[in-house]
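J.: Just need the whole structure built from these sequences, with the hints factored in.
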Amino acid sequence: GAVVSQHPSRVICKSGTSVKIECRSLDFQATTMFWYRQFPKQSLMLMATSNEGSKATYEQGVEKDKFLINHASLTLSTLTVTSAHPEDSSFYICSARGEFTEAFFGQGTRLTVV
Amino acid sequence: AQKVTQAQTEISVVEKEDVTLDCVYETRDTTYYLFWYKQPPSGELVFLIRRNSFDEQNEISGRYSWNFQKSTSSFNFTITASQVVDSAVYFCALSEDNYGQNFVFGPGTRLSVLP
Numbered sequence: 001g002a003v004v005s006q007h008p009s010r011v012i013c014k015s016g017t018s019v020k021i022e023c024r025s026l027d028f029q030a031t032t033m034f035w036y037r038q039f040p041k042q043s044l045m046l047m048a049t050s051n052e053g054s055k056a057t058y059e060q061g062v063e064k065d066k067f068l069i070n071h072a073s074l075t076l077s078t079l080t081v082t083s084a085h086p087e088d089s090s091f092y093i094c095s096a097r098g099e100f101t102e103a104f105f106g107q108g109t110r111l112t113v114v
Numbered sequence: 115a116q117k118v119t120q121a122q123t124e125i126s127v128v129e130k131e132d133v134t135l136d137c138v139y140e141t142r143d144t145t146y147y148l149f150w151y152k153q154p155p156s157g158e159l160v161f162l163i164r165r166n167s168f169d170e171q172n173e174i175s176g177r178y179s180w181n182f183q184k185s186t187s188s189f190n191f192t193i194t195a196s197q198v199v200d201s202a203v204y205f206c207a208l209s210e211d212n213y214g215q216n217f218v219f220g221p222g223t224r225l226s227v228l229p
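Residue numbers (my numbering), protein chains in the order written: chain A, 1 to 114; chain B, 115 to 229.
Any given hint might turn out to be false.
Unchecked claim - Using 30 Å as the maximum straight-line C-alpha spacing, the simulated BS3-like pairs for lysine-lysine come out as follows:
| id | chain 1 | residue 1 | chain 2 | residue 2 |
| --- | --- | --- | --- | --- |
| 1 | A | K41 | A | K14 |
| 2 | A | K66 | B | K117 |
| 3 | B | K117 | B | K184 |
| 4 | A | K66 | A | K20 |
| 5 | A | K41 | B | K152 |
| 6 | A | K64 | B | K117 |
| 7 | B | K130 | A | K41 |
| 8 | A | K41 | B | K117 |
| 9 | A | K64 | A | K14 |
| 10 | A | K20 | B | K152 |
| 11 | B | K184 | A | K41 |
| 12 | A | K14 | A | K66 |
| 13 | A | K55 | A | K20 |
| 14 | A | K55 | B | K117 |
I should point out that these hints are in silico values taken from the structure, not numbers from a laboratory.
T.: Now the structure itself:
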């Protein structure tokens, strides 16, 4: 099946710094990418949807200036958590789909802000 | 609005027991798609099954089986002869299209299979 690679799998950063998470589709062109957030022992909540070459659509309650999403190519989307704080610590997971393919999930990134 | 409920937060069984994970959904769409994913401790989501709203046939894949009952808006998942490797969080999800656009995930059921 198609593979979506997410990097890094774990990251620890200091409060106030920014951290970038990458999501790559390895063997298909991802026209749409999704970013989810999962708090411990909770479900996945959709943060935003991005289509290649256009601005991301954020879900209600998600700060677009805090969580910058870039989908500049058909194989790469990035999520940058700006000025991270401990409450941003979470598991972030992306998924990608092609024009006529199902969505495939990345391995997830565990962010810890200290 | 779409909603997925998984009433069982945590289940513990002993190896070789059968276990059923419940999933109840709400949607106003006539066409929709239901999914089950497994999330092991490593965190990645493992796709298990996709079913569209027009296909109410039950499905069996090895030790896994799914029971789709449109009349009760349920899509339950049964693991037969459970194994320790089945221990994970299982999510039921609803999507408006076949490709997983705009997933709505249930809260998940944490399954522990004890040796």
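J.: Does B:K184 sit within 30 Å of B:K117, going by the straight-line distance between their CA atoms?
T.: The given pair, whose Cα atoms are some 15 Å apart, holds under the 30 Å limit.
J.: Hint check: B:K130 vs A:K41, CA-CA at most 30 Å. Holds or violated?
T.: Since the Cα atoms of B:K130 and A:K41 sit roughly 26 Å apart, the hinted pair holds (cutoff 30 Å).
J.: Is it true that the CA of A:K66 sits at most 30 Å from the CA of B:K117?
T.: holds, 27 Å
J.: Just to be careful, I want the Cα atoms of B:K184 and A:K41 compared with a cutoff of 30 Å; is the pair within it?
T.: With Cα atoms ~29 Å apart, B:K184 and A:K41 stay inside 30 Å; holds.
J.: Does A:K20 sit within 30 Å of A:K55, going by the straight-line distance between their CA atoms?
T.: holds, 17 Å
J.: So if I understand the rule, the pair passes when the alpha-carbon distance is 30 Å or less; does A:K66 with A:K20 pass?
T.: Holds. A:K66 to A:K20 sits at ~12 Å (cutoff 30 Å).
J.: Does A:K14 sit within 30 Å of A:K64, going by the straight-line distance between their CA atoms?
T.: holds, 21 Å
J.: Between A:K41 and B:K152, is the straight-line Cα distance small enough, at 30 Å or below?
T.: holds, 14 Å
J.: Under the criterion that the straight-line Cα-Cα distance not exceed 30 Å, is the pair A:K41, B:K117 satisfied?
T.: holds, 18 Å
J.: Is the Cα-Cα distance between A:K14 and A:K66 30 Å or less?
T.: With Cα atoms ~16 Å apart, A:K14 and A:K66 stay inside 30 Å; holds.
J.: Under the criterion that the straight-line Cα-Cα distance not exceed 30 Å, is the pair A:K20, B:K152 satisfied?
T.: Given that 30 Å is the threshold and the Cα spacing comes to 26 Å, the pair holds.
J.: Would you check the hint for A:K41 and A:K14, treating anything up to 30 Å between C-alpha atoms as holding?
T.: holds, 24 Å
Comparing the model with each earlier hint shows no violations; every hint is respected.
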